[in-house]
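These are the residues of each chain, in order.
Protein chains: 2
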Amino acid sequence: MADTERKLSNGGSRIDFQTDPSRYRHWKLKLDGEVATLLMDVDEKATLFEGYELKLNSYDLGVDIELADAVERLRFEHPQVKVILLRSAKPRVFCAGANIRMLAGASHAHKVNFCKFTNETRNGIEDASESSGLSTICVINGTAAGGGYELALAADHIMLIDDGSSAVSLPELPLLAVLPGTGGLTRVTDKRKVRRDHADVFCTTEEGVKGKRAVDWRLVDEVVPGSKLEPAVIERAMAFAAKSKRPADAKGIALTPLARKRAENGVEYSTVAVELDRARRLATITVRGPDTPPPKTADEMVGQGAQFWPLRLARELDDAILDIRVNEFEVAAIVFKSAGDGGQVLAYDAFLDANKGHWLAREIRGLWKRVLKRIDLTSRSLVALIEPGSCFAGTLAEIAFATDRSYMLIGTRGGDNKPPAAIALTDVNFGAYPMSNALSRLASRFLADPADLARAKAEIGKPLEAATAAELGLVTFALDDIDWEDEIRVFLEERASFSPDGLTGLEANLRFGGPETMESKIFARLTAWQNWIFQRPNAVGEEGALKRYGTGQKPVFDTKRV
Amino acid sequence: MADTERKLSNGGSRIDFQTDPSRYRHWKLKLDGEVATLLMDVDEKATLFEGYELKLNSYDLGVDIELADAVERLRFEHPQVKVILLRSAKPRVFCAGANIRMLAGASHAHKVNFCKFTNETRNGIEDASESSGLSTICVINGTAAGGGYELALAADHIMLIDDGSSAVSLPELPLLAVLPGTGGLTRVTDKRKVRRDHADVFCTTEEGVKGKRAVDWRLVDEVVPGSKLEPAVIERAMAFAAKSKRPADAKGIALTPLARKRAENGVEYSTVAVELDRARRLATITVRGPDTPPPKTADEMVGQGAQFWPLRLARELDDAILDIRVNEFEVAAIVFKSAGDGGQVLAYDAFLDANKGHWLAREIRGLWKRVLKRIDLTSRSLVALIEPGSCFAGTLAEIAFATDRSYMLIGTRGGDNKPPAAIALTDVNFGAYPMSNALSRLASRFLADPADLARAKAEIGKPLEAATAAELGLVTFALDDIDWEDEIRVFLEERASFSPDGLTGLEANLRFGGPETMESKIFARLTAWQNWIFQRPNAVGEEGALKRYGTGQKPVFDTKRV
Chain A
645 MADTERKLSN
655 GGSRIDFQTD
665 PSRYRHWKLK
675 LDGEVATLLM
685 DVDEKATLFE
695 GYELKLNSYD
705 LGVDIELADA
715 VERLRFEHPQ
725 VKVILLRSAK
735 PRVFCAGANI
745 RMLAGASHAH
755 KVNFCKFTNE
765 TRNGIEDASE
775 SSGLSTICVI
785 NGTAAGGGYE
795 LALAADHIML
805 IDDGSSAVSL
815 PELPLLAVLP
825 GTGGLTRVTD
835 KRKVRRDHAD
845 VFCTTEEGVK
855 GKRAVDWRLV
865 DEVVPGSKLE
875 PAVIERAMAF
885 AAKSKRPADA
895 KGIALTPLAR
905 KRAENGVEYS
915 TVAVELDRAR
925 RLATITVRGP
935 DTPPPKTADE
945 MVGQGAQFWP
955 LRLARELDDA
965 ILDIRVNEFE
975 VAAIVFKSAG
985 DGGQVLAYDA
995 FLDANKGHWL
1005 AREIRGLWKR
1015 VLKRIDLTSR
1025 SLVALIEPGS
1035 CFAGTLAEIA
1045 FATDRSYMLI
1055 GTRGGDNKPP
1065 AAIALTDVNF
1075 GAYPMSNALS
1085 RLASRFLADP
1095 ADLARAKAEI
1105 GKPLEAATAA
1115 ELGLVTFALD
1125 DIDWEDEIRV
1135 FLEERASFSP
1145 DGLTGLEANL
1155 RFGGPETMES
1165 KIFARLTAWQ
1175 NWIFQRPNAV
1185 GEEGALKRYG
1195 TGQKPVFDTK
1205 RV
Chain L
645 MADTERKLSN
655 GGSRIDFQTD
665 PSRYRHWKLK
675 LDGEVATLLM
685 DVDEKATLFE
695 GYELKLNSYD
705 LGVDIELADA
715 VERLRFEHPQ
725 VKVILLRSAK
735 PRVFCAGANI
745 RMLAGASHAH
755 KVNFCKFTNE
765 TRNGIEDASE
775 SSGLSTICVI
785 NGTAAGGGYE
795 LALAADHIML
805 IDDGSSAVSL
815 PELPLLAVLP
825 GTGGLTRVTD
835 KRKVRRDHAD
845 VFCTTEEGVK
855 GKRAVDWRLV
865 DEVVPGSKLE
875 PAVIERAMAF
885 AAKSKRPADA
895 KGIALTPLAR
905 KRAENGVEYS
915 TVAVELDRAR
925 RLATITVRGP
935 DTPPPKTADE
945 MVGQGAQFWP
955 LRLARELDDA
965 ILDIRVNEFE
975 VAAIVFKSAG
985 DGGQVLAYDA
995 FLDANKGHWL
1005 AREIRGLWKR
1015 VLKRIDLTSR
1025 SLVALIEPGS
1035 CFAGTLAEIA
1045 FATDRSYMLI
1055 GTRGGDNKPP
1065 AAIALTDVNF
1075 GAYPMSNALS
1085 RLASRFLADP
1095 ADLARAKAEI
1105 GKPLEAATAA
1115 ELGLVTFALD
1125 DIDWEDEIRV
1135 FLEERASFSP
1145 DGLTGLEANL
1155 RFGGPETMES
1165 KIFARLTAWQ
1175 NWIFQRPNAV
1185 GEEGALKRYG
1195 TGQKPVFDTK
1205 RV
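Protein chains in written order, with the working numbering: chain A, 645 to 1206; chain L, 645 to 1206.
Worth double-checking, as some hints may not be accurate.
Same chains, same label: a pair holds when it works inside one copy or across any pair of copies.
With a Cα cut of at most 30 Å, we get these calculated DSBU-like pairs of lysine-lysine [what the hints assert, rightly or not]: (1) Lys981 <-> Lys872; (2) Lys1106 <-> Lys1191; (3) Lys1000 <-> Lys837; (4) Lys835 <-> Lys1013; (5) Lys940 <-> Lys699; (6) Lys1204 <-> Lys651; (7) Lys672 <-> Lys889; (8) Lys856 <-> Lys1101; (9) Lys1204 <-> Lys905; (10) Lys1204 <-> Lys1191; (11) Lys1101 <-> Lys837; (12) Lys1101 <-> Lys835; (13) Lys837 <-> Lys1013; (14) Lys1106 <-> Lys1000; (15) Lys1204 <-> Lys1013; (16) Lys1062 <-> Lys981; (17) Lys887 <-> Lys1013; (18) Lys1204 <-> Lys981; (19) Lys689 <-> Lys674; (20) Lys1106 <-> Lys837.
By construction, these hints were calculated from the structure, which means they are not laboratory data.
Make the full structure from the sequences, and use the hints.
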């Protein structure tokens, strides 16, 4: 069930991350050559759950699912677009942030996963700019409060109308006793580089900051009088477009609906199968290698569009992960398997490499980067089982490297004619898919000694059977057929017996050794503190600020500083 | 009150951080030339609180207060010591970690502050090595479990006896459903650089890892058979001593007891006054400048010993901060004031600079660095009030830069003949006292534009009155006498009205912009996750693992992954 405390408005039992513009209730996407306008116009009745209304362009996960979809489509379907204008269709309000009644009534698990997804969406907006030259300009024509300003913070450029009343604000702390947890605090200090004392004043001032002070304190890039706003927006859009290297004449591909068939205990996609073993609290995700060799030319790839195997798999895998995250809270561990011809997987990697200057190849690599990060940030124990018949090669090997531990079978299985399992590395394992700490998964793995990384690199392209893979440090355990079943059964049973919260904290620490980036700080420092606050009675208790907001009653706080 | 759920064993109402070797109950300090042995021999009856026994060298805050004291004394009283051997006096056990019954019965606030102090103590052990050349070798002759292994992780070198049974372990997750939160997870990944999948196995294996695997997995530096242990320890100690630049022939100074007089609403030290306004939930800490000019020579400084003003003030300020942290949970904000002659403060800074090659000057600077970090990490709103008669210059200006915001009075006060307040910068404000993010407080403040830092640097040595200080960005607000009282009263009332938890999370984010270090990761990612887990029923509920440990009953978990 998606949320134990709430009913979905559509009467269903699962949150669905798939949508398309024809179904949007909250966003309007307007295309005009190099410039797309993404207009926020939240339908207050079209809520994901029952029990609240989305007034003043406030949002719930349903609104964000559409936003994430729109940004993906701009990347794939409209490669000619160089600038997104992020605007509101409502008068005098840009966005009031996450809906408070939704938050107040949501389970802890939903709140945490809601924030995780909205964070990933905002990171995606930044990634579109950094990796694809698709910039975002946020035009604030009214109030941008809380999550509304956090959305603006994801843009490359923030314009605020100078009308004496429009302001940006992060009123979470004074109003609700929670944090601006969708990256807000971290982007204020680390992206906008607002002076820490100014940030302190800003984040404790309910009404926010407007006009010249908003610029002086680096909260927005410019304030513009209403009469000059439209020409200024056009001017900025043209300036950002001029810097973009997106192709002016490319034709996009349609992100067609996923082939997806749900049964009681699993989901079948075209390249991904999810099997749920509820008794053992396991989800097994099997990714399938390609059936056919890669196309000969980039044009052929464009022709295949969303059916092109790497793109199809990335989209299906992303959907499978998101579905487990918010709809299957009881799943303790995700077991990754693969099936197919590793040589074909490598051939697709080689094809994408050969065409890495092509916009679509770049977008597909970028999508894989984001999907792999989504796996890194999934709070379930992650395991790879590498068996005969698997194809953990190149891009697919990254899935194994994203897991908390991996088991590889030595040799063949009795009664099975499949050759011994092998994994294979390609260049993509050494930089194409950085984690949120900016290192590749192998660099994160071999923090201790760069020589280990070099040793692995020397094996690029070779099939690495279990003993070699273990010796190179690429898998955790190599087991023979006799031990395999028992060892893995015991491990998975043990994992399911541990405290789910303890595992979440443990994995969030062990997965991200080494350096930090703004992105990793958001998922570490900021998110962990927010999760703590989401447990504290001062926020979520019956007398807490989230529960009492809008009731006319003041919250009652335990005044101890911890 | 120190802890609302527990009674102090000594019948008192406050935890005292002051101790000395004559009063140690848990540690024995043996000196032998360049080598000191710090022997852990916990007296199980000598607990800080009632209700538990410190079996198997397990520890509570009282044990750690002695450890912190011992390390400080080695730095100041025994400058000839180059190596600390950290050992256990108990047979077959090194240390069993934080006492579980103590944790199970402690308030959330005590748990959080206990972990913060033990973290600071372990950071202090590492700092002694890095900044003073005082290395630590940990000799594990038995079991080092949980906090016991985390203590070992603070050492430069870990030796484990190879006797077939002695092991290192982090069994927090499987046994207690909490994290190894005293730096354990972060030091495993970032200091020992243990491969992430090995770390996953290690941290979920109750019995830990021993022998060759402990070395192969980088958990310890060497394993040594019992018969060869003592000669190997001597050999390692000599090798580390040979690398140390600590002075062989210096005579230490005695860290004499602090002059401290406690009243109902405050504490008086010789250079620090703490005034508690319980109704307004404020603590005002006034630091006093020196009464006399600095000594002429380093020998004179050594002669003054613990009475030397910068050292006296640092020790008193440290004690005052720690006292508020664990004994005054209701204090919402700490207001820092200063009184004295800024010129004299600068003269002391110049004296320490002129003698920076001297071991004692170096130790004093090092202590100030740690005390200022302690302020950064104190979960109370921090405010500096810079008024006529104050002396926020050089080292003391760092206190103002450590605050969340600062207010400076413009000009003079009616009926007061003191000249206008001025602050002054010295070289120490640009690197001598890094925060845990490795940046100076001014570099953290001016992340946006290095030119701001350069502008401030150009003003070194000049008295900077309010308008100039504000223009340079060194203070948050400059106010004249007419607005002063009201503005500050309203601000402090507002601060006390906010959610204490929300403020803790907000300040923990805004204070540490920019880069992260292993140390800042411990206080961010690891600590915040641990604090979350310390709120979760799976750990602390009636059926949770912490509560049920040792009862024979298994914990019952809510199996949702969040």
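Hint check:
Taking the shortest alpha-carbon separations for Lys981 and Lys872, neither the intra-copy value of 57 Å nor the inter-copy value of 47 Å comes in at or below 30 Å. For the identical chains of this complex, Lys1106 and Lys1191 are neighbours neither inside a copy (58 Å) nor across copies (52 Å), given an alpha-carbon limit of 30 Å. For the homomeric pair Lys1000 and Lys837, neither the shortest alpha-carbon distance inside one copy (34 Å) nor that between copies (34 Å) is at most 30 Å. Both within a single protomer and between protomers do Lys835 and Lys1013 lie at most 30 Å apart by alpha-carbon distance, with minima of 21 Å and 27 Å respectively.
In this assembly of identical chains, Lys940 and Lys699 lie within 30 Å of each other by CA distance neither inside one copy nor across copies; the values are 51 Å within and 71 Å between. For the homomeric pair Lys1204 and Lys651, the shortest alpha-carbon distance between copies (18 Å) is at most 30 Å, but the shortest distance inside one copy (36 Å) is not. In this assembly of identical chains, Lys672 and Lys889 lie within 30 Å of each other by CA distance solely inside one copy; the values are 25 Å within and 68 Å between copies. When the C-alpha separation of Lys856 and Lys1101 is checked against a cutoff of 30 Å, the pair qualifies only between copies, where the shortest distance is 27 Å, while the shortest distance within a copy is 53 Å.
Taking the shortest Cα distances, Lys1204 and Lys905 sit within 30 Å of each other only across copies (25 Å), while inside one copy they are farther apart (52 Å). Taking the closest pair of Cα atoms, Lys1204 and Lys1191 come within 30 Å of each other both inside a single copy (20 Å) and across two copies (23 Å). Proximity of Lys1101 and Lys837 under a CA criterion of 30 Å is satisfied inter-copy only: 20 Å between copies versus 38 Å inside one chain copy. Taking CA atoms no more than 30 Å apart as the test, Lys1101 paired with Lys835 passes between copies only; the shortest distance there is 24 Å, against 34 Å inside one copy.
Taking the closest pair of Cα atoms, Lys837 and Lys1013 come within 30 Å of each other both inside a single copy (27 Å) and across two copies (24 Å). Within a single copy, Lys1106 and Lys1000 get their C-alpha atoms as close as 22 Å, which meets the 30 Å cut-off; across copies the closest is 57 Å, which misses it. Taking the closest pair of Cα atoms, Lys1204 and Lys1013 come within 30 Å of each other only across two copies (28 Å); inside a single copy the shortest separation is 43 Å, beyond that limit. For a Cα distance limit of 30 Å, the shortest separation of Lys1062 from Lys981 inside one copy, 15 Å, qualifies, whereas the shortest one across copies, 76 Å, does not.
Taking the closest pair of Cα atoms, Lys887 and Lys1013 come within 30 Å of each other only inside a single copy of the chain (24 Å); across copies the shortest separation is 45 Å, beyond that limit. Taking the closest pair of Cα atoms, Lys1204 and Lys981 come within 30 Å of each other only across two copies (23 Å); inside a single copy the shortest separation is 49 Å, beyond that limit. For the identical chains of this complex, Lys689 and Lys674 are intra-copy neighbours only, at 23 Å inside a copy versus 74 Å across copies, given an alpha-carbon limit of 30 Å. Within a single copy, Lys1106 and Lys837 get their C-alpha atoms only as close as 46 Å, which misses the 30 Å cut-off; across copies the closest is 27 Å, which meets it.
Of the numbered hints listed earlier, those contradicted by the structure are 1, 2, 3 and 5.
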